[in-house]
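Visitor: Now for the letters of each chain:
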Amino acid sequence: MHFDYTTPKPALSYFAEFDRLRAETPVAYSDFGPGFWMLLTADLVRQAYQTPEIFSSSATIPTVPHPDWTWIPTMVDPPAHSDFRRVLNIAFSPRFVRDLEPTIRQDCIDTIEAFVADGECDFLGKFAKVFPTQVFLRILGLPVDHTDRFMSWVETVFEGLGHFGDFAEDQLQAQRDIHAYFADVLADRRSNPRPDEDGDFFTILANAKVGDRPMSDDEFLNMSEVLLLAGLDTVKSQLSYMFFHLATNDVDRAWIVREPEIIPNAVEEFLRAHTIVMGARQVAQDTEFAGCPMKKGDMVMVAGPSGSRDEAEYDNPTQVQLDRKVNRHFSFAAGPHRCVGAHLARTELAIALEEWHKRIPDYHVTNTEGLVESGPQVGIEQLHLAWDCTPQEALR
Amino acid sequence: MKLTVDRDKCSGHGRCYSLAPDYFDCDDEGYPVILNEQLDSNDGSKVTIAVDSCPERAVTLKEGSA
Ligand code: HEM
Ligand code: SF4
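Protein sequence lines, in the order shown, are assigned to chains A and B.
Here the first sequence is numbered in our numbering, starting from 141 and rising by one per residue.
Here the second sequence is numbered in our numbering, starting from 26 and rising by one per residue.
Don't read these hints as lab results, they were simulated from the structure.
For glycine and all other residues, C-beta sits at the position ideal for the given N, C-alpha and C.
The reader is advised that the hints may include incorrect statements.
Straight-line Cα separation of at most 30 angstroms, BS3-like style, residue types lysine-lysine; simulated pairs [unchecked claim]:
(1) K71/B / K87/B
(2) K87/B / K34/B
(3) K71/B / K34/B
(4) K87/B / K27/B
(5) K498/A / K87/B
(6) K34/B / K436/A
(7) K266/A / K149/A
(8) K435/A / K71/B
(9) K498/A / K465/A
(10) K498/A / K266/A
(11) K71/B / K465/A
(12) K27/B / K71/B
(13) K465/A / K87/B
(14) K149/A / K27/B
(15) K498/A / K27/B
(16) K34/B / K349/A
Now the stretches of chain A that chain B is said to cover, found in silico as 3 or more residues with beta-carbon under 8 angstroms [stated by the list, open to error]:
(17) 223-230
(18) 466-476
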């Protein structure tokens, strides 16, 4: 079997491909790149995520068994993991997110108001990248007018990942710039800690303890970069699928407009139907798993996009059903590395749906080029939307 | 019926306290706190949906009070 997830294919192709594979087998082996196992059912995905002793996070990209980087906390296994994780849990807790909701909502409204009168927009460039970046800067207490800078860094890093030549050189430069930026933040918080030190994320992080020692500068910079890379592109990609679905599905779009109370449930359903991360783990000890002989060092794709659509757990799993009741998708993974930003991401996605549809209830896709996706973290590459913006008064 | 959360499995997805806030609250880190562990067997589908929606399968609802 040859599963090359890096080739761009028409939007939603990879989900269909996982559906086909899962119908044939619960576990596959792909010879793409250095090779990796693929866990395709909900049960196996859950078990792998919940068993870090065997399925280690020492490598988390299916085709990269020997990464020359160590993301914190992403690539730290338990028990050390929880030392790093606790600070983040508190900073991104449901309560913290709830307190910030009004500001997040206002950022969303301002972003939409900036283009609503144009009757059209480059959805990713004008909305799906901008909004999560602003929220991110606000939550972390950084100046919101650094939005453009952050957007371009994230873009350059993701363009470079897995490429060679100029793209890779630009990526390294962007990563150096990100480090320099956060080094300044660290120096600033060390020399003048914010007075409300319970509220300022970087003051908390700068003073955090790992076990009984202080967090090192390198760890601080590493975690800051991970947050940036984990928290912006993911939300953008999830928004691309949500709005692509709604723009091309009149019934569901009308439902959201008519019954906005359904939105939190709809968000879970979008996350389930279009789980964007093809996660990975590395086998830490020889093991027989689901009847397969796995060797220490083997890579294993933990296929969330497949497990979230498993027939064994859902009726009509490949259909989007906005009022689906039971939903235990793997969009945010599972086990100890469950996405720290899940509560924030859910809030951002729900607010985006609410505020957008209050202002732009009816819209359609205008581009045909660029409606493509590729892994290991899928997202639609280009999405242009248009709507009728004849002022209401003119219609009367 | 008795409601329990397996702390080893729970990773704080928060599906339980979002879906059934009468039965679960959350702590500062986002882990669930059971508010109401004893419930009538006919006590509504919200809890059942919350139990079934835990990605870790960490929440259980068992017969009896022990
Ligand atoms: C819809 C949006 C998002 C999706 C689909 C998503 C998905 C994921 C997934 C699948 C993981 C697990 C990776 C692994 O175990 O190897 C993860 C981890 C993580 N996410 Fe998210 N994420 C989203 C938004 C965010 C946001 C908004 C933030 C914060 C600003 C964030 C921060 C993190 C961090 C720090 C981790 C590492 C957690 C750990 O290793 O303990 N994510 N995310
Ligand atoms: S839904 Fe499950 S994993 Fe999530 S907080 Fe509740 S018990 Fe824990």
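Visitor: Each hint should be assessed against the structure and marked as holding or not.
Guide: Structure-based check of each hint:
For the suggested pair K71/B and K87/B, the alpha carbons sit about 15 angstroms apart, so the restraint of at most 30 angstroms is met. For the hint pairing K87/B with K34/B, the CA-to-CA distance comes to about 17 angstroms; that is within 30 angstroms, so the pair holds. At roughly 21 angstroms between alpha-carbon atoms, K71/B and K34/B fall within 30 angstroms of each other, so this suggested pair holds. The hinted pair formed by K87/B and K27/B meets the criterion: a straight-line CA distance of about 5 angstroms does not exceed 30 angstroms.
Pair hint K498/A plus K87/B does not hold up; C-alpha atoms about 43 angstroms apart against a cutoff of 30 angstroms. Between K34/B and K436/A the alpha-carbon distance is near 25 angstroms, which keeps this suggested pair within the 30 angstroms criterion. For the suggested pair K266/A and K149/A, the alpha carbons sit about 24 angstroms apart, so the restraint of at most 30 angstroms is met. A distance of roughly 43 angstroms separates the Cα atoms of K435/A and K71/B; the hinted pair therefore is violated under the 30 angstroms criterion.
Simply put, K498/A and K465/A have alpha-carbon atoms about 25 angstroms apart, close enough for the 30 angstroms limit, and the pair holds. Straight-line distance between C-alpha atoms of K498/A and K266/A comes to about 18 angstroms, which keeps the hinted pair within the 30 angstroms bound. A distance of roughly 10 angstroms separates the Cα atoms of K71/B and K465/A; the hinted pair therefore holds under the 30 angstroms criterion. Proximity of K27/B to K71/B is assessed by CA-CA distance (about 15 angstroms); at most 30 angstroms being required, the pair is judged to hold.
Our distance criterion of 30 angstroms between C-alpha atoms is met by K465/A and K87/B, whose separation comes to about 21 angstroms. With a C-alpha separation of about 49 angstroms, the suggested pair K149/A and K27/B falls outside the 30 angstroms cut-off, and the hint is violated. At most 30 angstroms may separate the alpha-carbon atoms for a hinted pair to count; K498/A and K27/B exceed this at roughly 42 angstroms. At roughly 25 angstroms between alpha-carbon atoms, K34/B and K349/A fall within 30 angstroms of each other, so this suggested pair holds.
Only residues whose beta carbon comes within less than 8 angstroms of a beta carbon in chain B count, and the segment 223-230 of chain A has 3; three or more means the coverage holds. Judged by the Cβ-Cβ criterion of 8 angstroms, the segment 466-476 of chain A is covered by chain B as claimed, because 9 of its residues qualify and three suffice.
Hint compliance for this structure: hints 5, 8, 14 and 15 are not met, and every other hint is.
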